[in-house]
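Taking the hints into account, I'd like the entire structure generated from these sequences.
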Amino acid sequence: MVGQTLIQKILARASGKESEGVIENEIVFVSPHRILSHDNSAAISKTFHKIVGSEGKVWDPERIFIALDHAVPPPDAVKADNHKVIRQFVKDQQIKHFYEGGTGICHEVLPAKGHVPPNVVILGSDSHTTTHGAFGAAGIPIGRTETASVWAIGETWLKVPESIKIILNGSLPKGVYAKDIILDIIRQVTAAGATYNSVEFYGSAVKTLSISERMTLSNLTAEMGAKSGIFPVDNVTDEWNKQFGFKYDRMTADEDARYVKTLELDISSLTPRIAKPHKVDNVVPIEDLEKTYIDVALIGTCTNGRLDDLEIAAEILKDKTIPPGVRLLVYPASQDVLLQATRKGIIETLIAAGGQIGVPACGPCLGAYGGCIAAGEKAISSANRNFKGRMGSKENTGIYLASPATVAKSALAGYITAEEE
Amino acid sequence: MRFTSQKLWIFAEDDINTDVIFPGRYTYEPLSPEEMAKHAMEDYDPEFVKKVEKGDIIVAGNNFGAGSSREQAVTCLQASGISCIIAGSFARIYFRNAINQALPLVISPECSQFVLKNKERILSEMIKIDVDFDKGEIKIDKEIFSFPKLDDQALLIFKAGGLVEYTKARLKEK
Ligand code: SF4
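These protein sequence lines are chains A and B, in that order. Mapping of the first sequence onto my numbering: position 315 corresponds to residue 315, and the numbering continues sequentially without gaps. Mapping of the second sequence onto my numbering: position 119 corresponds to residue 119, and the numbering continues sequentially without gaps.
Hints may contain errors.
Simulated restraints on C-beta separations [claimed, not checked]:
hint, chain 1, residue 1, chain 2, residue 2, range
1, A, 56, B, 45, 36 to 42 Å
2, B, 32, A, 207, 48 to 54 Å
3, A, 77, B, 172, 53 to 59 Å
4, B, 155, A, 56, 24 to 30 Å
5, A, 76, B, 55, 35 to 41 Å
6, A, 60, B, 125, 55 to 61 Å
7, B, 51, A, 345, 53 to 59 Å
8, B, 81, A, 238, 25 to 31 Å
9, A, 204, B, 55, 55 to 61 Å
10, A, 242, B, 155, 29 to 35 Å
11, B, 38, A, 256, 52 to 58 Å
Straight-line alpha carbon distances no greater than 27 Å define the calculated DSSO-like cross-link-like pairs of lysine-lysine that follow [stated by the list, open to error]:
hint, chain 1, residue 1, chain 2, residue 2
12, B, 128, B, 51
13, A, 388, B, 174
14, B, 38, A, 279
15, A, 57, B, 174
16, A, 17, B, 174
17, B, 172, A, 46
18, B, 117, A, 279
19, B, 119, A, 57
20, B, 119, A, 159
21, A, 46, B, 128
22, A, 50, B, 117
23, A, 50, B, 119
24, A, 159, B, 159
25, A, 46, B, 168
26, B, 174, A, 50
27, B, 51, A, 388
28, A, 50, B, 159
29, A, 279, B, 119
30, B, 119, A, 388
31, A, 46, B, 159
32, A, 159, B, 51
Where chain B lies over chain A, by a calculated footprint (3+ residues, C-beta under 8 Å) [said to hold, decoys possible]:
hint, stretch
33, 146-156
34, 188-202
35, 344-353
If you're looking for bench data, these hints aren't it; they were derived computationally from the structure. Ideal Cβ positions, reconstructed from N, Cα and C, are used throughout, including at glycine.
In structure tokens form, the structure reads like this:
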């Protein structure tokens with residue numbers, strides 16, 4: 001057997017080829033442990049019925065996961081209808097893992113509710129399904145029609161990808177965060193640099209990264225075009241898994257596994273980064289940015305809307321208020337996060353500083369509702385995409401991506417900065 | 001399958017993302033393919049919907065279709081009449097979505113570079129492009145470029161007319 005990377009081992013197991021292993025570019029057929037979808041489930045259900053007829057049933061109602069999150073609560077009747085169609089489908093098909101709007105963003109809810117054990121394949125009709133690599137699973141994004149097809153027959157074909165190895169050494173300096181690491185990686189790899197590849201994270205620094213920080217990294221591997229971005233299971237993963245009582249082995253890549261690219265990064269010398277409009281790989285150190293005033297500061301999304309993110313922002317904003325003219329939008333990634341942040345006084349701090357707290361969901365991240373930007377406005381966001389028009393108007397607007405700490409500091413200053421007042 | 005372009009749309013850029021091909025603000029509205037076509041390339045080139053015709057071909061740089069998994073970014077172009085897209089490379093999910101909708105995509109860095117470099121002349125002289133999908137060959141302006149054919153599995157789906165038809169057939173077999 002040729003040396004196997006992590007993704008090769010996971011795909012080999014999922015396709016019943018564990019003893020012989022799989023080779024790069026081989027086509028395998030895989031049945032997912034879970035298949036994720038969200039507000040797009042209504043459209044998927046239409047295609048599903050085109051395939052199986054109006055009376056057809058899904059292959060396994062226990063392995064389908066649906067969370068409403070992209071337009072929550074629905075801002076208009078069209079989007080409310082969309083949710084209604086999904087609820088009816090869930091009922092008709094007896095989908096077991098359905099999460100009502102307000103529970104949180106799909107990528108946050110899926111692992112937090114115990115759906116992501118290590119070593120499995122998670123398919124998702126959302127490009128940031130890569131997030132689930134943080135748990136030692138292969139989170140692989142697919143499209144809507146493909147999701148409908150998996151609902152019908154329970155499997156799909158995957159090409160075994162080539163892999164990229166990223167080695168992180170050192171420790172993060174004060175004021176520098178997981179988001180800064182991955183933004184710098186994207187700068188180096190570029191937006192297309194990991195297309196069709198799977199990314200694996202190694203190095204001494206990885207052991208010090210929390211589950212939440214790993215999710216930020218895995219989430220953003222999607223912005224290099226990656227098929228998955230995986231952290232090998234270690235003590236941190238084991239600790240997280242205790243709450244679910246998962247039984248699993250520690251899968252590791254073989255010594256002689258092949259990587260098409262290896263990138264080594266000493267994070268000790270990293271400084272805060274920012275991704276400038278309109279591409280995620282348009283990354284510079286913040287000190288190189290000209291003075292940029294902002295109208296909106298967004299803390300939230302599946303990239304950086306967790307408890308540690310809100311806590312970091314609250315520490316910066318404690319006993320301070322943002323200046324007039326700046327809108328600080330806070331969208332906790334889930335109800336659980338919101339609840340914990342409330343109990344810890346984090347939410348109070350953020351409100352007192354002038355923050356507007358949204359219902360746990362995607363918010364303005366995709367520009368459909370909840371605080372879109374107007375023509376000529378600039379936003380700083382803890383999200384993962386800064387494409388033109390993504391958060392609302394495309395007319396002379398710009399989205400800057402940074403860590404929650406930088407977003408909070410910029411909200412206070414009124415312009416983009418990583419310096420504390 | 002063979003296509004000769006009506007008109008060429010040359011998007012001389014890398015990483016053209018699905019947000020500009022089909023904006024996020026419409027993604028959760030139940031639209032027909034024809035309605036989707038009205039928003040095709042809206043945030044990139046507003047002239048596109050006004051002038052696109054059936055049989056037009058798009059040529060772009062690398063990593064076309066980056067970003068979101070939204071399938072409308074394939075459907076809207078298909079419904080607007082685009083018969084084929086040629087690029088240096090495609091984003092992974094975009095490529096799969098296109099196979100699943102049976103929209104022919106051609107990966108040819110050489111052709112992409114040639115067209116992008118000669119953009120002005122190709123457009124002003126209205127030079128057409130000819131794509132032989134089965135043979136894996138593109139002809140333009142006396143140049144011939146070959147491109148890799150689809151993998152067997154992708155070809156099966158493509159030939160069935162897309163994943164809906166393919167899965168239907170699979171279900172029947174079962
Ligand atoms: S928060 Fe943004 S990136 Fe994440 S799933 Fe929602 S829309 Fe997508």
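Hint numbers the structure violates, sorted upward? Going through the list in order, the structure violates hints 3, 8, 10, 13, 19, 20, 21, 22, 23, 32, 35 and respects the others.
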